[in-house]
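Engineer: One-letter residues, chain by chain:
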Amino acid sequence: MKKVGNHKSISRIITLSLAFVISVSLSSFAQDTAAAPAATAVAAAPAAGGNPVLGKALFNANCAACHKLDSKMTGPALRGVVERHDKAWLHKWIKDSKALIASGDADAVKVFNENNKIAMTAFPQLSDADIDNILAFTSEPKPAAEKIPQAGAEGASKEGGLSNNLILGLLAGILAVLVAMLFMVNNVLNKIAKSNGVEVAEKPKSLPIWKAFARNQFLVLVSVILLMLASAYFIYGYLMQVGVDQNYAPIQPIHYSHKIHAGDNGIECKYCHSSARVSKNAGIPSLNVCMNCHKNISEFQGDKDSTYVDYTKEYYTAEIQKLYDAVGWDKTAQKYTGKQKPVKWVRIHNLPDFVYFNHSQHVSVAGVECQTCHGPVQTFEVMKQFSPLTMGWCVNCHRQTDVKIEGNDYYKKIHEELSKKYGVDKLTAAQMGGLECGKCHY
Amino acid sequence: MSSNKKYWKSVEELNENSSIVETLRNNEFVEEIPTDEFLGDAATLATSSTTRRDFLKYVGFSTAAATLAACEGPVHKSIPYVVQPEEIIPGVADYYATTVADGFDFANILVKTREGRPIKIENNKIAGANFTANARVHASVLSLYDSTRLKTSKIANDKHELAVATWEKANAKIKASVADAKAKGGKVVLLTNTSASPSTDKLIGQFLASNPNAKHVVYDAVSSSEALDAFQMVYGERALADYDFSKANTIVSIGADFLGDWQGGGFDAGYTQGRIPHNGKMSRHFQFEANMTMSGAAADKRVPMTVTGQKLALVKIYNIITGSSVGVSKTDNDDAVTKAAQQLKAAGSKGVLVCGIEDKNAQLLVLAINRVLGSEAFNATNSRQIRKGNNADVKQLLADMKSGAVHTLIMNGVNPVYSLPNGKEFAEALKKVKLSASFTMKEDETASISTVAVAVPHYLESWNDVSIVKGSYAITQPTIRPLFDTVQFQDALLSWTGSTQSYYDYIRTSWVGTKSWNQLVHDGVAVNESISAGAGAGADFNAAAAALAKATPAASGMELILYTKTGLGDGQQANNPWLQEFPDPITRASWDNYVTVSKADAEKLGLENWNVANGGLNGSYATLTVNGVKLEKVPVIIQPGQAKGTAGIALGYGRMASMKEEMQVGVNAYTLYNNFSNVQSVTIAKEGGEHEFACVQLQKTLMGRGDIIKETSLEIFNTKDSKEWNVIPVVSLDHKEVAATTVDLWESFDRTVGHHFNLSIDLNACTGCGACVIACHAENNVPVVGKAEVRRSRDMHWLRIDRYYSSADTFEGDDKTKENISGLVDSLSTLRGMENPSDNPQVAFQPVMCQHCNHAPCETVCPVAATSHSRQGQNHMAYNRCVGTRYCANNCPYKVRRFNWFLYNKNEEFDFHMNDDLGRMVLNPDVNVRSRGVMEKCSMCIQMTQATILTAKKEGRLVKDGEFQTACSNACSSGAMVFGDVNDKESKVAELAEDKRMYHLLEHVGTKPNVFYHVKVRN
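Order-wise, the sequence lines are chains Y and G.
Going by full-length UniProt numbering, 213 is the number at position 213 of the first sequence; the sequence numbering is gapless.
Going by full-length UniProt numbering, 308 is the number at position 308 of the second sequence; the sequence numbering is gapless.
Hints in this document: simulated from the structure, not taken from any laboratory.
Be aware that one or more of the hints could be misleading.
As the list claims (entries may be wrong) - Using 27 Å as the maximum straight-line C-alpha spacing, the simulated DSS-like pairs for lysine-lysine come out as follows:
(1) G:K953 to Y:K421
(2) Y:K413 to G:K1008
(3) Y:K413 to G:K953
(4) Y:K426 to G:K953
(5) G:K345 to G:K301
(6) G:K954 to Y:K404
(7) Y:K420 to G:K960
(8) G:K960 to Y:K412
(9) G:K77 to Y:K259
(10) G:K960 to Y:K421
(11) Y:K412 to Y:K426
(12) G:K77 to Y:K295
(13) G:K954 to Y:K413
(14) G:K895 to Y:K439
(15) Y:K344 to G:K77
(16) Y:K339 to G:K77
(17) G:K77 to Y:K341
(18) G:K954 to Y:K421
(19) G:K953 to Y:K404
(20) G:K985 to Y:K421
(21) Y:K439 to G:K960
(22) Y:K413 to G:K960
(23) G:K350 to G:K247
Just so we're clear, the structure is a prediction, and the values are computed from it rather than from any experiment.
One chain only, chain Y, in its complex shape (with noise of 0.2 Å):
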């Protein structure tokens, strides 16, 4: 009689099987393609044979600092202005609107009278036919209004995933014909078996495994220490983390995004955290900053591949305006109405008062960038504290560091001398005296 070893292969089938239906459901939204809304840009009878392509540009290049198509800003707002004024009387005031008013014109006065008397720049260097484009520009019809999709989690692995879901899911249906095929094959050696009339040996009792784990008194001791040396360090690793806030990431009073703001705008870090420059603080930007840009930007106006995908257009425009609620700006108005709410932000970065940390050292004299203590916050939509901020963070890096001593003269003599004592071409912060106690607790 013939024995066939038990193969147990029941559980691992499902395991496989189970493996392989996750992965088909997962890759399976690939086909689950969002309807993306087509630009639609229609074209609408160009007037008086401006060219609204070229238009659109030069009204950016010119206009937009101060006017917009649907809303009004320090100018009025443009769409349709054709239809309100004079062709003619649009040319000379986008010449010289100063000259305008002053000649007396009724609606030049007007005008200025109703933009809070802010006079126009004058444009001499845009030609009539550059006008005429920009009109045309502003004469098209406003488009309908676009529906940002509302996606859920899933939507922001859309594009990396699909390859992956891919070769994932071809791996997992190799799998299961594997596991299908190992399947029949048990299924026909047992049939043969049978016919054969070989029994399968049964499984001899033994102790339960725990039991025989119990009698093993080595076995026992080593497990103990193991167990107790792994919770040491679990506990060693735990007490290290607090009062660590890495990755701390409060809720704010109002959602301010780097992402759209150092990301998708590319605004510089030191435009808004000038003091990072030359102070110890980077200081959060008061809101005269803010208001330096937000004057003019009242809605959000992001593209759809930015990650507002998470938040609504209308959720962003809200958020600026409780910029405005705090800063005492009437967006109607255009007009400061001097009720001022200042923002109590929630500190992320944190240190302790014990030590002394100063921005313009590392900004203006080191040249580090802001991205390596703060990380890649141009893609943060929410703000978080991205480095541990511990003392052995500070460390290493200060030991593999270079002191930055190109075209600063305070370093010449003091580099040279030290490379010179410690043989090196290059002198890390460290070395520099980088480490010392008293250079950041005082």
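Chain Y is fixed; fit chain G onto it per the hints.
Structural biologist: Frame of chain Y; chain G shown alone:
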């Protein structure tokens, strides 16, 4: 073999019948632990609603809650500006030039502000800004954040209690009263301190012009009226002569503590210039005085004498200098006086005489002597405008008030109820005045009984202009928005004269000068060159001398000299904890005033000082009786150098109104200040009880340890090799004597690369003024610990100024006595004898802070490496690493480490500035506030050196000499402290380090400090 020795733990055990010993043998505690008492109260226990189980529950829950609360980190809020002011960058300090003028202290200063709040006072070093900040001026920034300030105007209600009111209401009331006075012909009196402000004077003039019934009375709490009278007589102007001691080779001072507060002080910078030997020359300084003062300590020859003796001495000097022959009786010190006079005469125009006797005749003689000498140091042209008080006017005012002639009394910056000898009389007379208005920063003794109290801003919140000396014009500008609802006196004056201008506009429009207004505000000062001395009616000097010569000692009793202490001055800033904790330069006692008596008088009167087991100084109490007025429970300090037959007591203490409880210390000596005379005839009687002083230095003498303070005479300094007067100690190496400086216990680090900071302290230039001590407090957030803790030697000053007396007449004498000791018995008795300072000792000041040893003994004993050394020469202290073993303090040979025995901030037990939100505004954000259980010490202002380095790095250049500063070296106006980088061979400190006079403290210990001293040379 068993021993028959009997060991005993206390003397009591030797007494066989002692019951205590028996009890102790059976029971560890002599007194029963009162458990029975507690448990015996069965009734309360039974009725109590808290059972044992409940108690345990509470404990359990609170522990759990505390644990849970600790799991979550605190959430910090950051609130940026809505509109950030252009000049403010968070984290970067701004400096504003301004001027202090509080009626007592005047100085040109820079105010350091961070995020819009002033945190430190520094000297304005721009040309023309000649008045440097003293300790009180440095501390005045804390008085801005005094939580007991008057926060709004108040008007007295029917019950004569002040109730909060608006300024408009208060002003309406004052205006109505002034108008009423005008209608009824009642007197209106403006009683102010010396403002020294041209614009204020102009405004007062306008007010007087529009109210012919009004009068202006200037009142200085500490009067210089007699000197003003004399000056007015000769020069026709109510002012004081200015002195530039740098132009004098021979200085004779008769009772004038010109290094202290005499005539407004501020003479130390000029004085010390002549005190540092240059080319073998330095000035010679004679001091004839009764109290031991800072000037006396600095003098080459100090003669203690009574004020009567001083008057006679002045006449004698007058005779010799002018060749007059005014008859004057002989005294014991005639030789010394004659010698000084002859040298003064020989010096001619290079000599100067100053005098602190509050007597018009004496002050006339001073003017006469200096005029005859043609003294270059004497300057009557650029006269001092900082004292204007008129005693006669004040007396007349009081008489008028009593008679009911005064209808309206408007006071600014004065507190006569406290500072007049007859303050109670003034308070009574105040009731007869229809309306009394007090413009004040505090609801003080006077304001609290006035009809109207108007809150005025601190000078750091005000606009003003000040003319400290004639020909110089300085600006006071606000450095912070008014913290409270305050109104400046000058704005009030403008409103009373019917002007709608603000005071700022007023001074701005009245400024005429070559500098633009913006430049003026930036510089803080402007100098007007073209002025000339006035001429007065003239005076008969011989008659004055003759009158002065009639001075005879009081028949009975002693002379009491009233003086002002460096810490509190006239007492305006009595609620300033920095100043209260500031140890007096001479007695080294803080938190007190006391009567100083000579040893001989103390023995006669049975007065004593003694040290107790915890290291504290105790003393007897005495009752002082002056003119029938008793001042009781005055603590006594036996002062070496105090002239026999005299006693001294400081004004400015004993204030009670609107003061924190801890600050209500001392006795009010103004009650003895009769006739505004600083000398009074007093009888002193011993009183029961003992006073506990908070004295930071118990060892009085140097005990012949010539290596701590090295001192020599100019003659030896000029003629002998430096090895003889700047002895380098020797140690034994391989059984050979070698110089201690050549031996190294450890291998030295190479410190030739980069910066190497050194601090130079010239003992010749240090006057002990203590400006550095307060500057260090402000810069480094040094906590105030209070009287009880100071008494336990737990003061936290990072920088102390040791004061040493000689036991013989000179320190040299001490050295000789010590050298001549032979044998054990002799050494014991001699050394014991040397502990007693001489009757007229030599005095030396030595500022001691962490010496930043290159071979630091503290570093080697720290078990956690919390203190370590940097390449730049600074000894670092990582507070967060410190576990408080205090080994380092024990191993420090200089005893400069300070331990935080308690949490000194936000702690009710230490109710000083760090305990209230307002007081904490003064903290320097660049320096950590230390917690309990942590050692701290001088960091050599590493935050300042690092900031300087960073500035240079940012600008890509080398650090220039003079850029590196510490708080103390920056505050030192006498030039005693110079800080810098010795690796910069061009620097001043490198030059000083090579000087022949240079030595290190305790050189033989081999610690190689980075602080060095210069041998004191006396002429």
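Engineer: For every hint, state whether the structure bears it out.
Structural biologist: Against the structure, the hints come out as follows:
For the suggested pair K953 of chain G and K421 of chain Y, the alpha carbons sit about 22 Å apart, so the restraint of at most 27 Å is met. Simply put, K413 of chain Y and K1008 of chain G have alpha-carbon atoms about 26 Å apart, close enough for the 27 Å limit, and the pair holds. Using a Cα cut-off of 27 Å, the hinted pair K413 of chain Y and K953 of chain G holds, with the two alpha carbons roughly 13 Å apart. Only pairs whose Cα atoms come within 27 Å are accepted, and K426 of chain Y paired with K953 of chain G is accepted, the gap being roughly 18 Å.
Simply put, K345 of chain G and K301 of chain G have alpha-carbon atoms about 17 Å apart, close enough for the 27 Å limit, and the pair holds. For the suggested pair K954 of chain G and K404 of chain Y, the alpha carbons sit about 12 Å apart, so the restraint of at most 27 Å is met. Distance restraint check for K420 of chain Y and K960 of chain G: the Cα-Cα separation of roughly 24 Å lies within the 27 Å cut-off, and the hinted pair is therefore satisfied. The suggested pairing of K960 of chain G with K412 of chain Y holds, with an alpha-carbon distance near 15 Å, which does not exceed 27 Å.
The straight-line distance between the Cα atoms of K77 of chain G and K259 of chain Y is roughly 23 Å, inside the 27 Å bound, and the hint therefore holds. Restraint check for K960 of chain G and K421 of chain Y: the C-alpha separation of about 25 Å stays at or below 27 Å, so the hint holds. Between K412 of chain Y and K426 of chain Y the CA atoms are separated by roughly 12 Å; this keeps the pair inside 27 Å, and the hint holds. For the given pair, K77 of chain G sits about 26 Å from K295 of chain Y by alpha-carbon distance, which is consistent with the 27 Å threshold.
For a cut-off of 27 Å, the pair hint linking K954 of chain G to K413 of chain Y stands: about 16 Å separates their Cα positions. For the given pair, K895 of chain G sits about 24 Å from K439 of chain Y by alpha-carbon distance, which is consistent with the 27 Å threshold. Distance check on the hinted pair: K344 of chain Y and K77 of chain G sit about 6 Å apart at the alpha-carbon level, within 27 Å; holds. Between K339 of chain Y and K77 of chain G the alpha-carbon distance is near 21 Å, which keeps this suggested pair within the 27 Å criterion.
A distance of roughly 14 Å separates the Cα atoms of K77 of chain G and K341 of chain Y; the hinted pair therefore holds under the 27 Å criterion. Of the pairs offered as hints, the one joining K954 of chain G and K421 of chain Y holds, with about 25 Å between alpha carbons and a cut-off of 27 Å not exceeded. With a CA separation close to 11 Å, the supplied pair K953 of chain G and K404 of chain Y stays within the 27 Å bound. Taken as a hint, the K985 of chain G and K421 of chain Y pair is honoured in the structure, with Cα atoms around 20 Å apart against an allowance of 27 Å.
A hinted pair counts as satisfied when its Cα atoms are at most 27 Å apart, and K439 of chain Y with K960 of chain G qualifies at roughly 21 Å. Only pairs whose Cα atoms come within 27 Å are accepted, and K413 of chain Y paired with K960 of chain G is accepted, the gap being roughly 14 Å. Between K350 of chain G and K247 of chain G the alpha-carbon distance is near 6 Å, which keeps this suggested pair within the 27 Å criterion.
Checked against the numbered hints given earlier, the structure satisfies every one of them.
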